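**Q** Sequence:
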Amino acid sequence: MTLPSVSLELQGTHVLITGGGGLIGSVVVSHFLAAGARVSSLDISYSTEVKTETALSDAGIKPKPHGHGHGHGHGHDDDGHGAHETATLTSETAFEVHCDVSDEHSVQAAFAAATERFGPIEACVALASLDLSVLKHASFVDASFSQLKRTLDVNIAGTWLTAREWLRGVKKAKGEGKKLKNVNLIIIGSESGHFGERRCVDYSLAKSAVQGGLLTSLRAEAPREWAGARVNAVAPGAVLTARWTEEIKQDPEQYYNEAQATTALGEPIPMEAVAKAILFLASQNFSSHVHGQVINVDGGKQGKLMWTKEEMAQ
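Numbered per full-length UniProt numbering, the sequence shown spans residues 1 to 314.
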């Protein structure tokens with residue numbers, strides 16, 4: 001009897017992760033490295049040395065005039081500008097690249113630098129976004145239009161740009177006759193894309209867009225560029241990060257409201273659980289026919305609380 005392979009078979013795969021310097025992103029990076037992948041980690045928090053124009057020129061892309069980045073925090077916990085790029089080798093298998101995902105030329109330069117270092121990008125994790133910890137919460141009637149535009153720039157346009165550059169690279173590799181493995185894109189959505197966020201509508205709108213319309217559109221497109229290429233999404237619930245832990249210290253009711261009241265397992269999601277779900281989807285050996293799906297890593301969440309106790313008492 002021949003036993004089947006139960007290895008992830010990610011060794012040597014070039015994985016690009018946006019938001020890799022953030023709280024969740026850094027855990028995802030470490031899990032891919034542990035699986036033997038070569039990882040290009042993109043984040044706006046990384047230091048800047050090489051100008052965008054240099055990286056674009058080296059990749060044969062003609063730069064266009066553009067201004068500075070918008071100061072978005074794409075790694076879940078960082079703010080900054082995207083005017084320059086750097087590609088810093090941190091080990092034989094890890095590469096850090098400064099990137100503002102809301103800026104087209106910044107994304108192109110970062111992808112070019114990553115491709116130059118490790119070859120064509122095979123698996124891509126679109127994780128960078130502004131999350132609920134950094135966005136201002138307000139009722140819809142008091143919501144900020146400027147925050148909406150900022151959120152859409154980062155969370156929708158940034159994911160769109162990431163997906164496009166990944167698929168362009170895959171198409172180019174195919175035209176050059178290169179052999180790739182584990183060719184797939186993983187979009188990081190949210191429970192908010194399913195259930196909404198009454199006091200942060202812009203966030204739920206953006207997550208619904210990327211795990212809905214973008215995902216279903218790419219489901220048909222990706223395999224046309226590379227046979228067997230897959231696109232999926234991971235939608236986490238409330239994730240137990242250091243920042244979330246600080247938030248619940250300030251508001252003890254938040255733990256119950258977000259992680260227990262409508263969640264079957266009754267606890268927040270460990271960052272490692274999110275990372276392992278991403279690795280599962282990235283592995284062709286484990287998930288070769290999982291395509292166009294949203295994997296909910298939310299402890300069996302069934303919805304959101306509609307009313308607080310204080311509101312009901314009024």
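None of these hints come from the bench; they were simulated from the model.
Hints are supplied without guarantee of correctness; some may be wrong.
[As the list claims (entries may be wrong)] Listed next, with one range per pair, are the computed distances between beta-carbon atoms:
no., residue 1, residue 2, range
1, L305, E116, 45 to 53 Å
2, S133, L305, 28 to 36 Å
3, S91, R199, 40 to 48 Å
4, S91, D251, 33 to 41 Å
5, A220, E176, 23 to 31 Å
6, Q254, A313, 51 to 59 Å
7, G213, K276, 32 to 40 Å
[To be verified] Below are the PhoX-like pairs computed for lysine-lysine, each with C-alpha atoms no more than 25 Å apart in a straight line:
no., residue 1, residue 2
8, K149, K136
9, K309, K136
10, K181, K171
11, K249, K181
12, K136, K276
13, K309, K249
14, K136, K249
15, K181, K309
Because the structure is a prediction, the values reported are computed rather than measured.
Where a beta carbon is used, it is the ideal one built from N, C-alpha and C, also for glycine.
**Q** If a hint holds in the structure, say so; if it doesn't, say that too.
**A** Here is what the structure says about each hint:
1. A hinted range of 45 to 53 Å holds for the C-beta pair L305 and E116, which are about 49 Å apart.
2. Between S133 and L305 the CB atoms are about 19 Å apart, so this pair departs from the stated range of 28 to 36 Å.
3. Between S91 and R199 the beta carbons are some 42 Å apart, a value that agrees with the proposed interval 40 to 48 Å.
4. Range check, S91 to D251: Cβ separation about 40 Å, and the 33 to 41 Å hint holds.
5. Judged by the Cβ atoms, the range 23 to 31 Å given for A220 and E176 holds: they are separated by roughly 24 Å.
6. Checking the proposed 51 to 59 Å range against Q254 and A313 shows it is violated: the Cβ atoms sit about 18 Å from each other.
7. Distance hint check: the CB atoms of G213 and K276 are about 27 Å apart, inconsistent with the given range 32 to 40 Å.
8. The suggested pairing of K149 with K136 holds, with an alpha-carbon distance near 13 Å, which does not exceed 25 Å.
9. Between the alpha carbons of K309 and K136 the distance comes to roughly 22 Å, so the proposed pair stays at or under 25 Å and holds.
10. Between the alpha carbons of K181 and K171 the distance comes to roughly 14 Å, so the proposed pair stays at or under 25 Å and holds.
11. With a C-alpha separation of about 44 Å, the suggested pair K249 and K181 falls outside the 25 Å cut-off, and the hint is violated.
12. Proximity of K136 to K276 is assessed by CA-CA distance (about 30 Å); at most 25 Å being required, the pair is judged violated.
13. About 19 Å separates the Cα atoms of K309 and K249, which keeps this hinted pair within 25 Å; it holds.
14. Proposed proximity of K136 and K249 is supported: the alpha carbons are some 18 Å apart, at most 25 Å.
15. For the hint linking K181 to K309, the alpha-carbon distance of about 52 Å lies beyond 25 Å, and the restraint is violated.
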